[in-house]
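Residue numbers (this note's numbering), protein chains in the order written: chain F, 1 to 510; chain R, 1001 to 1093; chain V, 2001 to 2486.
Note that these hints are calculated values from the structure, not bench results.
Since we're looking at a predicted model, the values are computed, not measured.
The reader is advised that the hints may include incorrect statements.
What the hints assert, rightly or not - Covered by chain V, according to a simulated footprint, are these stretches of chain F (three or more residues, beta-carbon under 8 Å):
| no. | stretch |
| --- | --- |
| 1 | 38–48 |
| 2 | 305–312 |
| 3 | 408–422 |
Ideal Cβ placement from N, Cα and C applies to all residues, glycine included.
Listed here are the chains, written in short residue letters.
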Amino acid sequence: MNYEPVIGLEVHVQLLTQSKLFCGCSTKFGEEPNKNTCPVCLGWPGSLPVLNEEALKLALKVGLALNCEISGRLKFDRKNYFYPDLPKAYQISQYDNPVNGKGWLEIEYKPNKAVILSPDAEASKMENPEAQGDSQKVQDDKKMITKKIGITRAHLEEDAGKLLHEGIAAASLVDYNRAGTPLLEIVSEPDLRSPEEAYAYLTSLKAILQYLEVSDCNMEEGSLRCDANVSIRKAGESKFGTKAEIKNMNSFKAVQKAIQYEIKRQTDLLESHERVIQETRLWNETKGQTFTMRSKEEAHDYRYFPEPDLVPFSISKETVEGIRKDLPELPVQRVDRFIKNYSLSDYDALVLVQDKQLANYFETAVAEKANPKLASNWIQSELLALVNSNKHTVETLPKFFPATYLAELLGLIENQTISGKIAKDVVAISYESGKSPGTVVKEKSLEQVTDTKLLESAADKIIAAHPKSVADFKAGKRQALGFLVGQLMKETQGKANPKLANEILVRKLS
Amino acid sequence: MSFEIEKIAGLARLHLKPEEAAKLKNDLEAILGYVKKLETLDTQNVSPTSHVLEIENVFRPDQVNPSQVRDEVLKHAPGREGNFFKVPKVVDK
Amino acid sequence: MTGSSIKAEKGNTPLHQLTFKEAIDYSKKEGNKTLFDALISRAESLNPRLNAFLRFNKSDSPPHPSPVTGPLAGVPISIKDNICIRGLETTCASKILAGHVPPYDATVIEKLKTAGATLFSQCNMDEFAFGSSNESSAFGPVKNPWDIERVPGGSSGGSAAAVAADMTYAALGSDTGGSIRQPAAFCGIVGLKPTYGRISRYGLIAFGSSFDQIGPLTKTVEDCAILMNILAGHDSRDSTSAPNPVPDYTKALTQQIKGLKIGLPKEYFVEGMDKEVEKSVRDAAEIFKKLGAEIKPVSLPHTEYSVAVYYIVAVAEASSNLGRFDGVEFGFRVPAKDLKEMYFETRSQGFGAEAKRRILLGTFVLSAGYYEAYYLKGQKVRTLIREDFTQAFKEVDLILSPTAPTPPFKIGEKSSDPLAMYLSDIFTIPVNLAGIPAMSLPCGFTKSGLPIGMQLMAKPFDEETIFRAGHAFEQETGYYKQKPKL
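The shape of chain F in the complex, shown without the other chains (with noise of 0.2 Å):
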């Protein structure tokens, strides 16, 4: 039996402000414990919320950058439930007017291959080996497919407190800190059809959202979080067959595996004629497993109401169109620029603006007369294979290797002062010590060798020393010259001019 994922996912931002949704208390992560609160934060009793008026034209962006309806009506509503880290027992958020209605985002992606994004160094590694080195060709085969995913909304709300339940006895610690801090949750609709597909839903929409400057989309300090609802029909089937919700996914990575592990887990419960139940379920990265939460004593019966503490708000048009001009290039008009302009495929364009500073970093070294192309290649396959091993970031790179260290490297290349080979070396080595590629080049004596009589002595003495396979050579097999090739690059330390020495060997031998 055939069978199709279905699956939406729900992502929170923390937004970038100074200040909490609804008081004065700093946003600032990894304070002590309880120190910005207030009593408004705490939910103390007389408390009322007043809205910072900067968390909504964040909202409002990404709104707009999402393609979302924005009707200029919204107001808050209270989301009741009991948790210790919820201060008055309900949650200020948006019920029935949301600040962003109904939007989509273009996802785009290799089949069976989610296009990487690095600043993500872990899931990057991981998720594309193959984009290092000359195997970037064999992905340039695939056609890359493109997909609109509908956003069902995205509502402005008040994060919850941190409660801390490991290494104390019988008893759980609660951190307000977090409490307040305006969170934006966008809803998508159930448009995904796969891991992949959910994979570069969330980096679309990371990238977005970094490109906007309204979060820092970090999943280790929780400013960015996704949940998944996944569930699985008979292929051709148009009815939806029972969700589940899974939570504590932490990385990108980890949401992808997690629901390529639920589909696998209801599959399996149909073709055991079993059903799928209607929960919550926990990813145990650890396990690499999905858990039910323990049972609730009740169903969830969140009895939202209009928020009396605040009023409601009208955006005007011109507050509207004002924020839509004031957008910055975003994501897909970048990659059509990169396309355009600098003649790199749909996937390297991608690859590159996915990451804004990945993107950044590429133009600045074409800025710096690097060739885009080759500029692209470069960044995809040597230098973010040295970030990953060094356990480094994008943000990081233009420290360790600034771009126009990169121009400058491929300068050498081109005006064949170096080859591509030795380029590998002197990239490590630069990035290692920090000093520019022509420095290492000279002091390193690692100027290609194109002495036609210097090379010609030494493919006279690989001749005389290898008998064997020259005579092999004249004998037809064409692998022997490879082997010679090797031993004369050998003997020059690799820096011999691959095609002259190829070259002179060929004429000798002949």
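Let chain F serve as the given structure and place chains R and V on it in line with the hints.
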């Protein structure tokens, strides 16, 4: 109407003794019976009132304004450990 | 300005009997120490009988009267126990807030302090302001100073009784469905529920957030105006605070009401209401006529639905507002083996019966499957009730009605029948549903000597007209001069 007192008390995190529950159920059924009189009014074209004031767009600027209430608040907290509030273990049962 | 203030200057009045205005004038000349001492000795002798104060500066704890500065000149004032005062226990007369010490001052407290008032005592009330009789206080009922067998009204019963018994010069209360006006009526004093949004709610422990207003309870209309000058105004910490400019309310005390149009709503004079109450209010209308006002019949056709709307919408808000009393951060907590048990035990032991009743009712009307039939319906009928007032105020400047359908009833008389208790707020609730201002002031006494109050309602933000008419009536009748025999 019959008031599902157990369910509602659960939502409200109230544990009622049997005689207390019986009395409250009675009271609430009487009140809800009284409230039924609203059904006689046609409100199809009436918009609901959430706010009596006609004001909107009340904002605060995005400025940090530290309050430094932590020590005062923790001093009177029913449970604390260091700078944390402390509650009995969260057990989902 | 008034006859009585001259008397005070002559020193004929015992100090505790001074009006707020007289006390301010006195304090400016003589200092506030003697005023303070007078109230302490009054409170020490009367509070054991009336139970009006939960806490006050007793003579054995050194009192700290504020210096004689600002417009209020250090005069003592009393605060209902649901208004947060930094560093002082504030309980809403509930066990669940025992030991709760707010880390901040309510905006009104800041304003009073800035104006130079001395915070003298914290007043008993119905638990979380849930009640019309003060019987639901976790710290025992308040007694009516006019007859200690009777209730002082509620929920601001402690504030009203204290002012009526000359235990304080003025008090703050809060009014969600009549909680300032009905106790003012039952205790024979003046109580104003200002327009919703006129006084900041920041620091008022919420009951029904879209109804609640803080307001003064005073001996005279003038005292009320003096306090309104201090309390009213926009507060950036309260999103529902109105930006309208604040007039000088004392300027409205002109005694000139010629040409004022006062409406008598026919729905407020119905079969079954107390005859003495009805007669007093109709007599009051005649007095207004004599003073030059025009009396007109008006109609507020949806009045009979008010109580039903209120007991849906206000309790829904209350059920949510009271969720935070769960033993996690403040107040009372029952030690428990796990979180769930702590929640249930803390709330079950911490809340009194009326609080539980309202929490359950509010939880129910918001719960899945009932929201539209109850909460949404209630909000819609609320619109109809607001429109009633909008229409009526096209024809009149003020609406006059009884404050309560009966004089003060006996303690215990209605406590077993919540619905009967709720219905006793039928005349005050519509005002909160519409958000308009209304004042209760004395309009006579029953044969047995119990005070009767009348209510003056006005358009939103037109407290001035209430002050104008109220003051004229008060000066004409002098009811405020009568004191309970204690």
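Problem - In rising order, the numbers of the hints this structure does not comply with - result: 3
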